[in-house]
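Chemist: Protein chains in written order, with the working numbering: chain Y, 541 to 792; chain A, 18 to 616.
Worth flagging that the hints you see were computed from the coordinates, not collected in a lab. Please note that the accuracy of each hint is not assured.
Calculated cross-link-like contacts (lysine-lysine; reagent style DSS-like; alpha-carbon spacing at most 27 Å) [stated by the list, open to error]: (1) Lys-732/Y / Lys-469/A; (2) Lys-785/Y / Lys-587/Y; (3) Lys-408/A / Lys-369/A; (4) Lys-205/A / Lys-324/A; (5) Lys-558/A / Lys-610/A; (6) Lys-558/A / Lys-514/A; (7) Lys-791/Y / Lys-469/A; (8) Lys-361/A / Lys-324/A; (9) Lys-205/A / Lys-767/Y.
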Amino acid sequence: MKRSIAIHLLLIIIALQVSSQTSEESYRHAAELYESSDFSGAAAIYKRLYDEGYRSEELLYNAGNAFFKAGDNASAILFYERARLISPADEDINYNLQVARSRVTDKFETLPELFFVRWFDFFSLLASTNTWALVSLVLFIISLLFILIFLTRSASRGRLIPFWMTLVTIILSLVTLSLAIRNNSLVNHNRKAVVTCSIVTGRSAPGDSGNELFVIHSGTTVTVEEKLGAYSEVRLPDGNKGWVKEECIEKI
Amino acid sequence: MKILLVILAFILAPLTVVSQEVTVDVNAPQSAVAGQQFRIVYTVNSTDGRFQPPAFDPSFSVSGPQTSSSRNVQWINGEVTSVATTTLVYYVIASMPGSYIIPPARYESKKATVSSAPVEIEITDAGTAPSGNDTQAGQPPENGSEVSMRLTLSTREVYIGQPVTATLKLFTRINLSGINDLKYPDFKGFLREDIETPPLRNLEAEVIDGVQYGTGVLQRFVLYPQIAGELRIDPVGITALVQQRTTGGDPFFNDPFFDNFFSNVTTVPRSVSTQPAVIRVKPLPMPQPSDFHGAVGAFEIVSDLSKTDITVNDALTYSVTLKGKGNLNLAGAPVINFPQGIEKYDPKVTVKSSGTTTGSKVFEYLLIPRNTGTFDLPPVSYTVFDPELEKYITLRTPGYSIEVTGNEGVTEEAAQPAYIPGEEVKYLGQDIRFIRTGDSRLRVMPETLVEKSYYWLLFAMALLLAASLMLLRREQIRRNADITGIRNRRAARNAKKRLAKAYDLLKSSRPELVMAELSAALWGYLGDKLSIPRADLTREKCYAALRARNTGEDLITELDLILSASEYSRYSPTSQGDSPAELHRRTADLIEKLDALLN
């Protein structure tokens with residue numbers, strides 16, 4: 541019995557090893573394909589790795605590049621946006637995203653986001669969700685220690701420093717916790733989506749009966765507000781809303 | 018005299034030898050219109066014979082001949098050539114249509130009799146137009162009009178950019194005093210370029226189908242088609258000033274003889290236009306090579322560099338010449354990637370065209386090397402479309418290598434140009450950046466902590482732990498505070514109890530017991546009041562604690578005195594100092610004072 545468990549464990553370890561090796565290999569293979577100008581082949585491999593759950597700034601960035609070169613601008617934008625969630629300040633990603641966006645048919649007068657929302661989002665993406673969460677927890681524990689010191693110290697020994705330290709650490713802990721939550725909602729529950737169909741009609745109601753409100757083209761980034769059946773209510777960058785078929789958009 | 022004769026004989030000898038065979042040439046139109054005059058011209062290269070006219074058809078009315086003769090003697094290198102020519106012109110009017118043969122004319126000279134070739138003449142009816150190829154160049158215009166114009170195109174099927182030469186020619190049967198208002202249509206889809214044409218001064222006589230026209234080229238131009246498709250060329254219009262003779266009403270002068278003198282000539286404008294034409298323009302095959310700059314035609318390319326050894330900051334000229342036949346004017350400049358460190362100026366373009374569409378176009382680049390070293394001018398590739406071969410042809414020039422040497426005797430600093438004109442970086446295109454080739458750093462996304470309940474439980478547990486620690490500590494503090502508080506509050510009472518006991522002992526005349534009791538009262542009071550554990554109770558600690566509470570030095574001195582006295586009396590009963598009663602009073606006083614200060 542023990543033996544069989546040991547064998548199973550061994551097999552699992554080997555399987556993990558093999559799978560990680562093949563993913564590395566296929567990643568490298570895709571890069572080679574890209575360099576030899578087989579962009580669609582490279583894009584397919586990157587997409588498969590993404591679907592298998594692998595994530596890294598490099599993977600998403602390269603996938604975006606491969607899709608762009610293969611002519612699938614919408615997917616390129618999708619992957620650049622995803623890469624930006626991992627590395628929001630990366631210059632190459634932002635540049636390529638800008639290039640890809642310049643080829644999108646629809647041009648919008650984008651409603652500017654409030655600057656502190658933008659800064660907050662940007663800041664929250666500088667570290668991963670779990671990093672923020674752990675930092676928040678550690679800061680919370682530190683603040684508890686300070687509060688203990690503050691409460692037990694006699695007035696004659698100076699209670700000012702522990703008081704302020706408690707205040708600072710508890711605020712920092714709350715800030716990092718909110719950053720963690722924001723990061724999670726941006727990375728794992730992002731409501732932004734990219735139009736993948738070459739042309740989509742936005743209607744006033746879910747279904748085919750609604751009045752036609754607008755027509756958008758592939759590559760446009762929209763925000764999903766609601767979902768009903770096979771339809772999603774999306775908000776365009778200029779603030780207008782309409783129902784489009786869910787199959788025509790892909791979430792970031 | 019003899020000698021002179023010999024010389025004369027020598028001179029005349031070649032003459033007799035050279036005198037060539039006599040021929041008779043005839044020049045007559047192939048066809049003529051019945052009732053209209055035409056000319057038959059006989060040319061004989063001799064003068065000393067007799068011309069026998071041919072037997073004209075009896076239906077012809079013949080006038081003439083008009084005879085003229087000429088002689089032309091040439092001495093060339095001592096060789097004498099004598100050419101004599103007799104020209105006879107007959108003016109003939111045929112009255113009946115049909116096919117006629119004019120028999121040979123004969124010429125009898127001293128040596129031989131020669132005859133001309135027979136001539137066949139087609140006399141056509143005045144009403145019927147000569148049928149046939151009216152699209153051909155130079156053929157007569159529409160029948161019946163006295164003044165007409167024709168636009169002749171070199172070709173009707175071209176590629177985009179391939180030049181079409183067009184000739185605008187005037188035909189007239191009547192006198193014109195002038196032409197004005199040459200109106201071009203807008204040549205939709207074409208680019209027009211006029212070819213320099215001498216102004217029309219004299220009309221040339223041209224007999225077409227027996228009708229004599231005065232013809233002249235009005236204007237020649239080149240059309241470069243810009244778009245593909247069936248392009249229509251709208252009529253070109255002019256206004257011809259026609260001279261019309263209006264005879265006067267006087268019957269006396271109503272005679273042809275006087276016509277020339279007495280008739281009035283008025284000028285009447287008459288608008289004349291060409292027939293519309295259609296040119297089929299074919300698009301250039303796709304895809305176009307990247308180094309194709311619109312040149313269509315048969316070209317060759319030549320490059321030239323003024324010098325290959327140069328000192329820094331000197332200018333040199335690099336020229337690329339495009340030679341051949343085609344749309345030179347529309348051919349764009351080749352793209353040359355000059356190496357960095359060489360300043361390049363926009364090319365000077367000169368077009369030298371000889372005739373219509375042939376010529377050369379020179380792109381002259383002025384280059385100024387700003388750095389020393391060896392620079393390679395890359396080969397230039399220039400693609401043209403050859404409409405004859407119907408394919409793109411890439412022309413290449415060789416590359417050059419320039420050796421740039423520094424100025425001798427000039428310091429490095431001075432060799433630098435005083436002012437380097439800043440140049441904006443030229444962006445040729447926009448493309449995404451290359452992929453990351455480094456480590457993949459692939460990882461599977463871990464589960465997110467904020468979505469797990471245990472993460473939040475950790476917060477709660479930390480809080481709980483802290484709270485319980487807090488409670489524990491609080492309890493301890495409270496307990497400690499209680500003990501010291503009690504001791505503090507009871508310090509004076511305990512001391513008084515001890516003092517009362519000592520007071521009782523005063524009567525028992527055992528002073529050492531009194532002293533022990535007083536000492537215990539003091540130590541106990543200090544320990545309780547100053548919260549010092551019994552084990553740590555020393556004089557120094559007590560004094561330090563009292564000084565920290567600002568009790569004053571005199572009290573501390575008093576305390577020290579009493580403590581020393583009590584200790585001293587405990588170990589040497591024979592007292593020398595204060596009596597126990599006095600010591601008791603002072604101790605009570607001290608405790609009272611301390612208690613007032615420490616509370």
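Chemist: With reference to the structure, classify each hint as holding or not holding.
Modeler: Now the hints, each set against the structure:
no.	hint	verdict
1	Lys-732/Y / Lys-469/A	holds, 24 Å
2	Lys-785/Y / Lys-587/Y	holds, 23 Å
3	Lys-408/A / Lys-369/A	holds, 26 Å
4	Lys-205/A / Lys-324/A	violated, 46 Å
5	Lys-558/A / Lys-610/A	holds, 19 Å
6	Lys-558/A / Lys-514/A	holds, 24 Å
7	Lys-791/Y / Lys-469/A	holds, 23 Å
8	Lys-361/A / Lys-324/A	holds, 16 Å
9	Lys-205/A / Lys-767/Y	violated, 56 Å
Consistency with the previously given hints fails for numbers 4 and 9, ordered from lowest to highest.
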